[in-house]
Amino acid sequence: MKARQQAAVIRRRAVVSGVGAVALGAVGVAVVARSRARTAGAEPDAAVTGPLPTEHIPPDTEGHRGGSGTPLLLLHGLSVTWRTWRPVLPMLEQHHDVIAPTLLGHSGAAALGEGVEASVEALVDGVVAELDRLGLDKVHVAGNSLGGWISLELARRGRARSVVVFSPGGGWRSNRRMAVMIAGMRASLRAMEALGERAEKLAWTSRGRRLLAWSQFEHPERVDPIELIADIRALRSSSVVRPLLQVLSKGGMQPLPDPGCPVRVVWPRRDRVIPFAHHGQPMVDRIPSAELVWLEGVGHVPMPDDPEAVARLILEVTSSVDRLRTVRSDESIESDAQHDDGRSGHGSG
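With positions in the sequence shown counted from 1, the corresponding number in our numbering is that position plus 82.
In case anyone wonders, no lab produced these hints; they're calculated from the structure. This one's a predicted model, so the numbers in the text were calculated from it and none came from an experiment. Idealized CB from N, CA, C, for every residue including glycine. Certain hints may be false.
Derived Cβ-Cβ restraints for the label pairs, each shown as a range [as the list claims (entries may be wrong)]: (1) His138 - Pro337: 40 to 48 Å; (2) Glu196 - Asp367: 31 to 39 Å; (3) Arg394 - Glu303: 17 to 25 Å; (4) Arg147 - His301: 26 to 34 Å; (5) Thr143 - Glu196: 17 to 25 Å; (6) Arg405 - Pro370: 23 to 31 Å.
Please work from the sequences and hints to get the whole structure.
Here it is as structure tokens:
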């Protein structure tokens with residue numbers, strides 16, 4: 083009972099934190115795991131015997147690209163990788179050339195350049211450099227959490243055709259509240275380190291996934307255990323998380339009165355990581371032209387909870403923009419043709 087009470091207290095405190103898809107629940111898991119190990123005289127994951135069948139998890143990579151159509155950029159949250167978008171890739175790739183990079187300093191990606199301090203701006207610079215390398219000017223952008231903040235900064239730089247963001251970071255008003263959130267993130271990181279390989283064994287069971295990821299997902303049992311284990315490993319391998327935590331509380335996103343493209347802000351009703359009242363409303367206030375959409379039945383990372391809804395909310399915006407561009411292009415071609423006909427008729431007279 084005491085262990086449960088401790089875990090409940092830590093969960094309430096951990097609501098103000100949020101690193102990747104696993105770290106939030108790690109503090110509570112560590113308390114429960116250690117308590118049970120002491121009282122039962124056995125490891126808490128004793129039900130999982132032998133090595134886990136994870137040998138086919140490939141090493142993290144710099145990103146993924148697939149599908150065809152207008153380019154769509156997908157940006158993940160802090161500490162994870164492009165893999166967080168895997169549940170929605172099949173649906174999005176039917177309509178778009180999908181580019182899902184792993185952000186600089188995260189597992190599988192290049193480190194920040196020598197002498198470059200960790201910051202949101204540095205991560206945005208990395209994404210812009212990747213777009214330049216691919217020869218892409220403006221792209222559709224969708225992002226979650228930290229990736230949502232970066233998506234909006236791409237719009238500020240004129241690199242977005244449209245933006246759809248799910249619980250974007252950067253919208254707090256209170257630096258004190260953000261400082262508490264950062265402290266929770268650091269505690270979560272320490273807890274994950276304390277759990278070590280036990281975290282992977284916990285991720286293999288439905289109950290363990292609920293313990294590890296209760297704050298990130300509304301339905302942790304729907305999360306592929308392989309993907310959650312990949313997130314755990316990515317968290318350990320990310321070189322940018324701790325340096326970024328040092329600077330995040332210095333300031334949030336600046337107002338974006340004219341993003342230059344349609345912006346849809348999607349907020350889960352039950353976001354336990356960055357609740358709307360303290361993070362979402364300040365964000366919407368900074369983007370007065372943005373459309374706000376509420377999403378039911380999902381958590382802070384909505385892709386595994388309801389991939390169909392996430393894909394639909396993105397495609398509604400991208401298809402609308404693409405249709406409008408097609409209409410305008412056709413009108414421009416028709417106008418040019420009429421102008422040329424007029425010039426020919428004038429010349430023959």
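- request: Taking the numbered hints from earlier one at a time, note which ones the structure violates and give those numbers from smallest to largest.
  value: Structure breaks no hint.
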